[in-house]
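Between the sequences and the hints, there should be enough to build the whole structure, so can you do that?
Per the working numbering: the sequence shown = residues 125 to 569.
I should point out that these hints are in silico values taken from the structure, not numbers from a laboratory. Accuracy of the hints is not assured; some may be wrong.
Keeping only pairs whose Cα atoms sit at most 27 Å apart, straight-line, the calculated DSS-like set for lysine-lysine is [said to hold, decoys possible]:
#1 Lys267 - Lys341
#2 Lys395 - Lys341
#3 Lys341 - Lys273
#4 Lys192 - Lys267
#5 Lys480 - Lys458
#6 Lys330 - Lys341
Computed Cβ-Cβ distance ranges for the label pairs, DEER-style [unchecked claim]:
#7 Asp338 - Lys536: 49 to 57 Å
#8 Ile334 - Asp230: 16 to 24 Å
#9 Lys192 - Ser564: 50 to 58 Å
#10 Ile173 - Leu533: 41 to 49 Å
Each residue gets a CB set at the ideal place from its N, CA and C atoms; glycine is no exception.
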Amino acid sequence: MQTSMNIPIRTQFTIFILGLGLGVFLPQIQAQNLNRNPNMRLEATGLEIGSRLPDSLEVYDANGYKMKVADLFQNNYTVIVSGCLTCPVFLRTYPGVEAAYHDYGDKGVDFYYLYKTLAHPENHGYIQPITIEERLAHIAVAKDKLQTKIPWLADPMTNEVSSAFGLTPNSEFLFDNEGHILYMNTWSDADALRRTLIELVGPVTKTSTIESLDLPKVLPMSTPSEEVVTRITVNETLIPIMVHPEEDDATYYVKLRVEVTSNLLQNGSGKLYLGFHLDPIHNVHWNNLVDPLAYDITVPDSTSINESRGIAPLINQPSDTDPREFLIEVDNWKSVDPLPIEVTYYACDEDDKWCKLIVQNYTLTLDPDPYAGRVIGRSFRSRSRDRMMQERNNIVERMMSFDTNQDGLLSKDEVPERMRMRFNMIDVDNDGFLSKDEISAMRRR
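Listed below in structure tokens is the structure:
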């Protein structure tokens, strides 16, 4: 027997159970609360309890000193939590980790934060660093802004530690003194971490609360804007591609963010987003009294671009910090062809002590950038409430396809055998039948 949409019964049942148990249709940001296996994403990359990280991994401390990750495991236990200034989950959960550190930091447990590639660039205005010095500058801001007491480490710009941690934005690990993983979580969970510490070290006399730490209130998401320049909006989710800065020793006061539509990535033709963003780490602004930012793309012979040269709009007010953005059409860009781009702009420090002309170059390649992070609203989209409701309704309709006698209700005999174990839990009115409302209510729960 085939169900509606030509999906076999067993497959539909699996979809339903996954939807109930694992929360697969919920936004990624909620996965740590609804996923029955908090290690699933980490295990998919080969990590498991008892395993060790590669001996070659290195990190920087907050002062820029490079060391082996293996050298961190000096105490009985070591906790490492990934985070950055743009990860909403980290910004929301770090106070709980600070409370655990307050209770266990002097009981044979070392704690560290690992500052990694940005999860959601442009959140709170921060954009991807190019150099390790800039990443360390982010750490200095994080220490001051978040008032953290836990020491910070920085992933090298090659991002090998983030890769070893499964490229997760806010993972949490606990190691023994030989570097074996004793506990891990795809998303930081201070309560789960504390339970593990209680098992390993024992309970504390008095448990610290987040309120007792008097940490600053930080919004998980914020997009600072002077609203001087109209921002570009797109209907589809864009994909960040590789951007290679060419001047090794130069300071990139303005950094280029490049994203493409899926058609451009797959077929070589589509839309290309160019975003020139002032880096707040360098405390600069646009000088609108001189020529605006301009870019010039060197186009391969076989490729056509409708705006290979572009100039930012003229602004009436003397200065601002809004990004300069362009959305251009590209046709027949072959993946083997690099795309050189030159950008010219004036940068001025925030105190107007200096203002200088900058000319810098990048090379774009039509390859997805796994370390670029995803910009909320452009290359990362949370599902709308309407879409969530539609998905919920779809699951209900799929389940009702088991209604063989077409009476609008599911009896225990009509559902697959494995689902009968859950039948009474879903049947809240205990009438021996499952209605659409009961199935929908269970899905909500």
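- Message: What's the verdict on Lys341 and Lys273, does the C-alpha distance respect the 27 Å limit or exceed it?
- Response: holds (16 Å)
- Message: Within 50 to 58 Å: is that where the Cβ-Cβ distance between Lys192 and Ser564 falls?
- Response: Once the Cβ atoms are compared, 53 Å apart, the range 50 to 58 Å for Ser564 and Lys192 holds.
- Message: Assuming the hint says 16 to 24 Å, is it satisfied by the Cβ distance from Ile334 to Asp230 or not?
- Response: holds (19 Å)
- Message: Lys395 and Lys341 were given as a pair; does the straight-line alpha-carbon distance stay at or below 27 Å?
- Response: Between Lys395 and Lys341 the Cα gap is close to 39 Å, so the pair fails against 27 Å, i.e. violated.
- Determine whether the Cβ-Cβ distance between Asp338 and Lys536 falls within the hinted range of 49 to 57 Å. holds (55 Å)
- Cβ separation of Ile173 and Leu533, checked against the hinted range 41 to 49 Å: holds (44 Å)
- Message: Check the hint pairing Lys330 with Lys341 against an upper bound of 27 Å on the C-alpha distance.
- Response: holds (24 Å)
- Item | Hinted pair Lys267 and Lys341, Cα distance within 27 Å | Holds: Lys267 and Lys341 sit about 14 Å apart, inside 27 Å.
- Given pair status - Lys267, Lys192, alpha carbons within 27 Å: Status holds; Cα separation ~22 Å.
- Query: Does Lys480 pair with Lys458 here, judged by a C-alpha cut-off of 27 Å?
  - Reply: Answer violated: Lys480 to Lys458 is near 36 Å, above 27 Å.
Comparing the model with each earlier hint shows violations of hints 2 and 5; every other hint is respected.
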